[in-house]
Amino acid sequence: MAILEVKNLNKSFGRNHVLKGIDFTLEKGEVLSIIGSSGSGKTTLLRCLNSLEFADEGQIIVNSETIFDAAINKRPSEKELRLKRLHFGLVFQNFNLFPQYSVLENVTLAPRLLKKYSKEEIEKYALGLIDSVGLKDKVNSYPCELSGGQQQRVAIARALAMKPNILCFDEPTSALDPELTGEVLKVIRSLAERHMTMIIVTHEMTFAHDVSDKIIFMDDGVIAEYGDPGILEHPKSERLQAFLTSF
Amino acid sequence: MNTFMQQFPIVFQSLNVGFLQTLKLFAVTLLGAIPLGLVISFGSMSRFKPLSAAVKFIVWIIRGTPLMLQLLIIFYFPGLVFGKQLWGGGESGRFLASAIAFIINYACYFSEIYRGGIQGVPHGQQEAGQVLGLPKSRIFFRITLLQMIKRIVPPMSNEIITLVKDTSLARIIALQEIIWAGQAFMKGSQGISGAIWPLFFTGVYYLAFSGILTLLFGWIEKKLSYFKA
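Going down the list, the protein sequences come from chains A and B. Counting from 1, position 192 in the first sequence corresponds to residue 192 in the working numbering; the numbering is continuous, with no gaps. Counting from 1, position 198 in the second sequence corresponds to residue 198 in the working numbering; the numbering is continuous, with no gaps.
Honestly, the hints are just simulated from the structure, not real lab data. Predicted model, so just to flag it, every value in this text is computed and none were measured. Be aware that one or more of the hints could be misleading.
As the list claims (entries may be wrong) - Straight line, CA to CA, 30 Å or less: simulated DSS-like cross-link-like pairs of lysine-lysine:
id, chain 1, residue 1, chain 2, residue 2
1, A, Lys115, B, Lys228
2, A, Lys119, B, Lys223
3, A, Lys163, A, Lys186
4, B, Lys228, A, Lys124
5, B, Lys165, B, Lys24
6, B, Lys222, A, Lys136
7, B, Lys49, A, Lys74
8, A, Lys115, A, Lys163
9, A, Lys163, A, Lys84
10, A, Lys163, B, Lys228
If we strip away everything but chain A, and leave its shape as in the complex, we get (with noise of 0.2 Å):
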């Protein structure tokens, strides 16, 4: 049974057709990884996920429940919208952390808003989670103090604070130096070993090789390639040997 399904995923900005009828299914536990250069639509398929976007056809089925339908002209009630959003979590290319809390309160806001369970249980998870990313002793830091793999390593232990079914990575590692890319792509690995699902646009080749179960190859607005890790080493299409060849 897969955890999701997208169905035919269209989306315009204007005149500019990004999205060109998006299929894919992913499975519990699955890691997929979506490459291609960009402005082939990568992101913006991460941003209809996440409800930060709408698409203008298709579907997103999340354990056997439409949470999205664009067929269905009614706009969401901005509750249903919120539980909708729950299913999945988001971290952002350039981390997005709340400059005014500390690692903690960034981790805790929204489980103690939402008060998705109760304080102490909310408070032991999230130094738990920090704990795993390797942050123990930043807890009480607030983002400014941290460099960006720090705070890239907060937004994955925040993401995680709600549970979320499926992790969402948008380039996580692209605006980290070089020398921090490691800690944070460590973290991911970690994830995937605890059969984490997750979805992680990336330009790190060979980590999407190493951690994925499936790739997306995508180029201007269609999966132009899909398959497991193989199709990196032994690419089909012309477009992805020639997008490969560019690393």
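With the hints as your guide, set chain B onto chain A.
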């Protein structure tokens, strides 16, 4: 009464009364302009074009003309056109007219500062709140607001210190604020005439008050310096 020592208690008493009126105008202006500025800034950011255009036009008029002129128009216009003293006579009428002119004027300046503060908070902050499933009101009050406040404290402190001195413009419609009180001793009041030092001495009040405000805003800025926004 010619010696300074004889004049001082009388002048001091009189300037204090004037300064109280200055403080009252200052406080009422802030109380009115801080919330009204927020309304105007939302108006100017409205996606409904006619509204945002109208609001921007009004802000342009108010920011583009002298506050002294606005005071004169607001005070005299109703009487000249409708033949009716809208504000009532006496000091309370002058205060009401002054307060309205100051509130409108400062609200327009504040609205532009707010707009800068609101638009200066990166959109990613709101999106981060959204993907965590937070409602819009929670995102505004718990995430955006403090970052906005941090951004607007320096320009707001600038405007508010300007307001301390701008209150003296109400002298033009004879509001009995501290400049008016100081000037009275030049023309003659309470047995003192031809004395210019009381007018000069009003500067001490302005300096002391703006000094206190500078310290206050410095303290607020320091309180908010624990994070970078």
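Hints versus structure:
1. A C-alpha spacing of about 28 Å is found between Lys115 (chain A) and Lys228 (chain B), which places the hinted pair at or below 30 Å, so the restraint holds.
2. For the proposed pair Lys119 (chain A) and Lys223 (chain B), the alpha carbon gap of about 27 Å is at most 30 Å, so the pair holds.
3. Proposed proximity of Lys163 (chain A) and Lys186 (chain A) is supported: the alpha carbons are some 20 Å apart, at most 30 Å.
4. Restraint check: the Cα-Cα separation between Lys228 (chain B) and Lys124 (chain A) comes to about 27 Å, which is no more than 30 Å; the hinted pair holds.
5. With a C-alpha separation of about 13 Å, the suggested pairing of Lys165 (chain B) with Lys24 (chain B) holds against the 30 Å cut-off.
6. Between Lys222 (chain B) and Lys136 (chain A) the CA atoms are separated by roughly 28 Å; this keeps the pair inside 30 Å, and the hint holds.
7. The hinted pair formed by Lys49 (chain B) and Lys74 (chain A) meets the criterion: a straight-line CA distance of about 25 Å does not exceed 30 Å.
8. Annotation: proposed proximity of Lys115 (chain A) to Lys163 (chain A) holds, straight-line Cα distance about 13 Å (limit 30 Å).
9. A C-alpha spacing of about 13 Å is found between Lys163 (chain A) and Lys84 (chain A), which places the hinted pair at or below 30 Å, so the restraint holds.
10. Straight-line distance between C-alpha atoms of Lys163 (chain A) and Lys228 (chain B) comes to about 28 Å, which keeps the hinted pair within the 30 Å bound.
Violated hints for the displayed structure: none, as all numbered hints are satisfied.
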